[in-house]
Amino acid sequence: MPEAEAIRLAQQGNAAAFERLYRLHNRRVYSLCLRMVSNTAEAEDLTQEAFLQLFRKIATFRGESAFSTWLHRLAVNVVLMKLRKKSGTETSLDEMTEPDEDSGGPRRDFGTLDLRLSGSIDRVNLQRAVEQLPPGYKAVFVLHDVQGYEHNEIAEIMQCSIGNSKSQLHKARMRLRELLHEAVRDKAREDRKAASAESGSED
Amino acid sequence: MATITCKDFLDRLESWMEGDVHSDSQAHLRNCPHCRSLVDDLKGIRSEARSWGAEEAEPSARVWASLRSQLEQEGLIRPADAAKTTWFGGWFASLPRPALASAYLTLLIAGAFAVSRPMSRPSNEARWLAASQDSTMPLRAQLIAEQNSFASFNNANPVVNASLHENLAIVDNYIALCEKSVQEEPQNEVARDYLYQAYQQKADLLAQMTERGENNR
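Order-wise, the sequence lines are chains B and R.
All residue numbers for the first sequence refer to the working numbering, where the first residue is 1 and numbers rise by one.
All residue numbers for the second sequence refer to the working numbering, where the first residue is 204 and numbers rise by one.
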């Protein structure tokens, strides 16, 4: 059943059409949620919530935007709401993407970072770093660099300007670089400690 | 060529990463290991993110199960049986029932299914399928013949006319699905019931079309 037909039938309450729409999009929505929260059970709950909201509103869908964009907007909102609740504060998108200097926002004096990351950017390190990003940065980075959305689509999903999307992405990458550097330095420190403990035990 | 500082390059870095490459930025990059390291790192992050994006996971089956249950509780989707009758039932309910044509086809269909049902060895799929086809093929041909004879009937109201034909197309799709199910599982009583209901619905619809056509003569 083509997507347009499934949407039309789902608007009439057809169960098979709802399932068809779910099967068409569940992997992408779940992957987005999983990358945002890094927990499978939580990601599944968020996926369910996103689809539930979608199906509750499907009668109002008139096709002004692509169906998948609409669905992803709902999913991102569901995830961001969850992350806001987790942090215990009601924060705006700007507050979530523009941390102040004290909270570790992207620094512009990058010259102090002399280490090269080549070889250190593997999946595990990147995922750990992404987990530490503020929610707004995380959403734009995951949507653009991981999920492959263009800035105009992200602007629609996040309800922001294209310029804002580009700016947030750049800041997210810069912050990730800092986090990856910190991880490299921590690892080097731990290796040194282990080496000195080893040499101490030999003495 | 004008030389730019690291700060200038950093100011242009966002657009550089978006593909907006200036010659003076390129010249700076060739001579500045710090900025080169920065660009290499950002490209490495982007590249690793892309390969991460190529992997998509699937949620467990429980997500759809609980989603569907929730949707049913909220009345947003109807269980299969209810949906099947309301697809057409609601539409037919608003129209007067023409007795003769419908009863004629219904009797044919009901009789045929009654003949095909009693099978002592349901495990023999070939026999079930053959029996099903033997009983339903004449009905199918009968329905097609009836439909062809109705083709010339057109309602004066183009909206009603379009609606009748659209519903006929829906019923035909539904019949095709049911026939496929019976073909795959000829011993499945439920599938056979669904096919019976599908034929019944088509009979009703053709009867409605007949009545509408007669009224417009």
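Hints were generated in silico from the structure; no laboratory data involved.
C-beta: ideal position from N, C-alpha, C; glycine also.
Treat each hint with caution, since some may be false.
[Unchecked claim] Ranges between beta-carbon positions, derived for each pair:
{"id": "1", "chain 1": "B", "residue 1": "T40", "chain 2": "R", "residue 2": "S384", "range": "31 to 37 Å"}
{"id": "2", "chain 1": "R", "residue 1": "K383", "chain 2": "B", "residue 2": "N152", "range": "40 to 46 Å"}
{"id": "3", "chain 1": "R", "residue 1": "Q386", "chain 2": "B", "residue 2": "G163", "range": "54 to 60 Å"}
{"id": "4", "chain 1": "R", "residue 1": "D227", "chain 2": "B", "residue 2": "R28", "range": "25 to 31 Å"}
{"id": "5", "chain 1": "R", "residue 1": "E221", "chain 2": "B", "residue 2": "M81", "range": "28 to 34 Å"}
{"id": "6", "chain 1": "B", "residue 1": "S161", "chain 2": "R", "residue 2": "A268", "range": "38 to 44 Å"}
{"id": "7", "chain 1": "B", "residue 1": "R128", "chain 2": "R", "residue 2": "H368", "range": "58 to 64 Å"}
{"id": "8", "chain 1": "R", "residue 1": "K383", "chain 2": "B", "residue 2": "Q12", "range": "21 to 27 Å"}
{"id": "9", "chain 1": "R", "residue 1": "S384", "chain 2": "B", "residue 2": "K85", "range": "41 to 47 Å"}
{"id": "10", "chain 1": "R", "residue 1": "R233", "chain 2": "B", "residue 2": "E64", "range": "36 to 42 Å"}
{"id": "11", "chain 1": "R", "residue 1": "S218", "chain 2": "B", "residue 2": "M81", "range": "28 to 34 Å"}
{"id": "12", "chain 1": "B", "residue 1": "K85", "chain 2": "R", "residue 2": "D375", "range": "48 to 54 Å"}
{"id": "13", "chain 1": "R", "residue 1": "H368", "chain 2": "B", "residue 2": "A41", "range": "36 to 42 Å"}
Enumerate the violated hints, using their earlier numbering and listing them in ascending order.
-> The structure conflicts with hints 4, 10 and 13, although it agrees with all the remaining ones.
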